[in-house]
Amino acid sequence: MIGVLAQQPVIPKFERASECIRENHTFCAAWFKDNFDRVFEPRIVEHIELTLMAVGIGFVLSFGAALLAYNRGWFERSFAFFAAFLYTVPSIAFFQLMVPITGLTRTSAEIALVSYTLLILFRNTLTGLQEVPEDARMAARAMGLTPRQTLWRVELPLALPAIMAGIRIATVMTISLATVAAFIGVGGLGQPIFNAIQSGFKTQFVAAGVLAVLLALIADVLLVLLQRFIAPWTRARRA
Amino acid sequence: MGTFVDALQFIVDNPGLLWDKTVETLLLSGAALGVAMALAIPLGVWLGHIHGGSFIAINASNVGRALPSLALISIGLALLGVGFLNVMVALVILAAPVMLTNAYVAVEQVDPDAVRAARAMGMRPTQVLWRVELPLALPLMFAGIRTAAVYVVATTPLAALAGGEGLGDIIVNQSTYGIEGVVGASIVIAALAFATDGVFSLIQRLVTPRGLRRRGKERIVEPSVEPVGAG
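Chains as they are written, first to last, in the working numbering: chain A, 1 to 239; chain B, 240 to 470.
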């Protein structure tokens, strides 16, 4: 297994350890409390960094691609095909594949993570734009808006809920995939998981797993709230 | 590019190994899908039929989608240890929510006129369910199963970290099989995911009642603002 770096002394010193650790119980709360800021906190920060960067870059690329595809039909198929192709590569293989090219670096991880966000962000942005009611478009034209004004003032605001839904899915997906990125030793909450696979230390399995789940769920909830804040009219419409 | 050629060479050179691993992958995925279906579909259909529990049913897929697969496997490693059971449980937890949500939405959103007409014709609630709601719900329900199936097949490589078998075994053991093995097995996994998608989309089309197939076009006219993955 490459890249699983023994960054931390994951196996506690057994002779001085508590009974809970010596017998490797499912979860040793005391150990978790004592070691949180050393073992987990930096990993959480790395995880958030990995995710934000991937979704940010992925969004810029997909948004540009969607705008282009919205105006030029042929581009829609080719980009969708390209993104779908990237999407089918198993994550754990994608990270390994990048290693010979960009090394055991964060760049390798980001290239893979960004690649996975493209399909969802592109599709949602484009579908959102395409589903703008024709009436709204015609009304905008009748009011004398230029195509560019129509795009920014009418079409994109109406597509916003779909775009936000895409960002939400892409973000939780990236959080999930970023745990796998630790396979090539780039940190994140996957790191303690892979370390635990080597050492068999159960508390670390549970703690890292639960933290990753919590991170994903919190991100999901925050994005729902953000969506409501940015596009409050979608709720009113559905109710 | 060289890696890719080597990977194809690996596939050509190791048909027996890849076949065995593929069968293992399919058995694992099939078992997980079966269990997930048995749990999620009846619950979703029932909730949709009684028009209840919408909060749980709709948010199930959101939560399910958010759960990091490796994190689930990690927690499973502590609770269940290495092996088939751990991997099965993780895959079921990943697959069931989207099935539940789709089954619920599929039954819940059946045209109320159709249900009322069925009732007016004297059908009992179970008859309404079996003869009206379920046939009309099948396409969307299968869309959920299809999504879950592809997801499960694509997640099986991770399962190899927890002692699951299948093609993932090759993908996580670069030291044994080399990068060409990793890529070769990935190609097979991707092909499996595509094939799964194809097979389920075929089933989905076959189970779509004829009346719905023709109406398909005009239903799209209704503008829905949250099209993709809005749950």
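The set of hints was computed from the structure by calculation and includes no laboratory data. Just to be clear, a hint being listed does not mean it is correct.
Now the in silico label distances, taken between C-beta atoms and shown as ranges [to be verified]:
{"hint": "1", "chain 1": "B", "residue 1": "N412", "chain 2": "A", "residue 2": "L214", "range": "27 to 37 Å"}
{"hint": "2", "chain 1": "A", "residue 1": "D37", "chain 2": "B", "residue 2": "L451", "range": "25 to 35 Å"}
{"hint": "3", "chain 1": "A", "residue 1": "Q198", "chain 2": "B", "residue 2": "A353", "range": "28 to 38 Å"}
{"hint": "4", "chain 1": "B", "residue 1": "D252", "chain 2": "A", "residue 2": "L222", "range": "48 to 58 Å"}
Pulled from the structure, derived: some chain B residues nowhere near chain A, Cβ distances all over 12 Å [stated by the list, open to error]:
{"hint": "5", "residue": "I289"}
{"hint": "6", "residue": "N301"}
{"hint": "7", "residue": "G320"}
{"hint": "8", "residue": "A432"}
One-sided excerpt, in silico: chain B residues whose CB lies under 7 Å from chain A [unchecked claim]:
{"hint": "9", "residue": "A305"}
{"hint": "10", "residue": "L306"}
{"hint": "11", "residue": "P307"}
{"hint": "12", "residue": "A310"}
{"hint": "13", "residue": "T435"}
{"hint": "14", "residue": "V438"}
Backbone N, C-alpha and C define an ideal beta-carbon position, used for all residues, glycine too.
Against the structure, the hints come out as follows:
no.	hint	result
1	N412(B) x L214(A): 27 to 37 Å	31 Å, holds
2	D37(A) x L451(B): 25 to 35 Å	57 Å, violated
3	Q198(A) x A353(B): 28 to 38 Å	58 Å, violated
4	D252(B) x L222(A): 48 to 58 Å	49 Å, holds
5	I289	21 Å, holds
6	N301	6 Å, violated
7	G320	9 Å, violated
8	A432	6 Å, violated
9	A305	4 Å, holds
10	L306	6 Å, holds
11	P307	4 Å, holds
12	A310	4 Å, holds
13	T435	11 Å, violated
14	V438	16 Å, violated
In terms of the numbered hints stated before, the structure departs from hints 2, 3, 6, 7, 8, 13 and 14, listed from lowest to highest.
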